[in-house]
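Participant: Could you slot chain B onto chain A? The hints should help.
Protein chains in written order, with our numbering: chain A, -15 to 95; chain B, 20 to 137.
In short, the hints are calculated from the structure, not lab data. Glycine included, each C-beta is placed from N, C-alpha and C at the ideal position. Every clue listed holds true.
Stretches of chain B that chain A covers, calculated by requiring three or more beta carbons in the stretch to come under 8 Å of a beta carbon on chain A:
{"no.": "1", "region": "76 to 84"}
{"no.": "2", "region": "125 to 131"}
Per label pair, the in silico range of CB-to-CB distance:
{"no.": "3", "chain 1": "B", "residue 1": "87", "chain 2": "A", "residue 2": "1", "range": "41 to 49 Å"}
{"no.": "4", "chain 1": "A", "residue 1": "26", "chain 2": "B", "residue 2": "38", "range": "22 to 30 Å"}
{"no.": "5", "chain 1": "B", "residue 1": "59", "chain 2": "A", "residue 2": "5", "range": "22 to 30 Å"}
{"no.": "6", "chain 1": "B", "residue 1": "59", "chain 2": "A", "residue 2": "3", "range": "21 to 29 Å"}
{"no.": "7", "chain 1": "B", "residue 1": "36", "chain 2": "A", "residue 2": "-4", "range": "42 to 50 Å"}
{"no.": "8", "chain 1": "A", "residue 1": "47", "chain 2": "B", "residue 2": "95", "range": "30 to 38 Å"}
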Amino acid sequence: QSVLTQPPSVSGAPGQRVTFSCTGTSSNIGAGYDVQWYQHLPGTAPKLLMYGDRNRPSGVPERFSGARSGTSASLAITGLQAEDEADYYCLSYDSSLRGWVFGGGTKLTVL
Amino acid sequence: EVQLVESGGGLVQPGGSLRLSCAASEFTVDTYYMSWVRQAPGKGLEWVSVIYGGGSTYYADSVKGRFAISRDNSKNTLYLQMNSLRAEDTAVYYCARGGAVSDAFDIWGQGTRVIVSS
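This is chain B alone, in the form it adopts within the complex:
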């Protein structure tokens, strides 16, 4: 079954770091572009970052300079390294596959929760 499974969420203090993982099954992460999307409590969905098949990366202004998206093709896994975390980064983080169905994100993970609090 084609699926994405996130992990790595948890409680972290402001200023701390966390790395999220997103393991893919039945497709290879470097064949498509992969994104992270988040939803803060009581808020809407927010696009966070993308990595294209060729390796180019882009970020939302809210996380630029603090977050880094990457992938390990040998492990078929997408990552989001989050540094200098702030309370406003508290959210459920989803990974998603793009480019298989036009430019839409057709496969999503179940999400992993990140709480930034002292």
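Isolated chain A, as found in the complex:
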């Protein structure tokens, strides 16, 4: 059971908008720690998509956006593309564990 909760799967057709949710607690997201989002294809290096809740590193398309409210955060992808099919993880720091915690990951299927 992951400390951060993510739905196991999300799907959408090309061109559509999909969102990923990430629910934490008062010791991580609710405590004000930043949320990061990673895109991962198993066996490859995870890729940083979003940091500081809503900031995109250079090279990440504007189709990706992040938001945060209370003890939750979300990632949205607009104009869905086949190449977006991957696993998506949220990550935050947890003060009670004194370390980072990942969500369980959400598998995106592009229909």
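Facilitator: Chain B only, in chain A's frame:
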């Protein structure tokens, strides 16, 4: 090119030990904080350990007392010493750099596979 390259994975028996290495290029490992993250077969990503620039270290409860993170600044290399290995430690282990882009992990290695089995 800024990059991380892991090595040292392999097959080890339960109760055995293994040391993973993570060589950094184009930056120094003691300037940032460095972490190990793993992914067990069919599971999600799991944070394992961190070493800060000042040398402080922290561990996930699942590995505390068995794993030790360290670095050799002269070799610009991060290490993970894994002792008393269990079947549930079987995973791909990634090293990652943190602190260059806010508090995010912006550079990751390609991973090294550890299999704990008799």
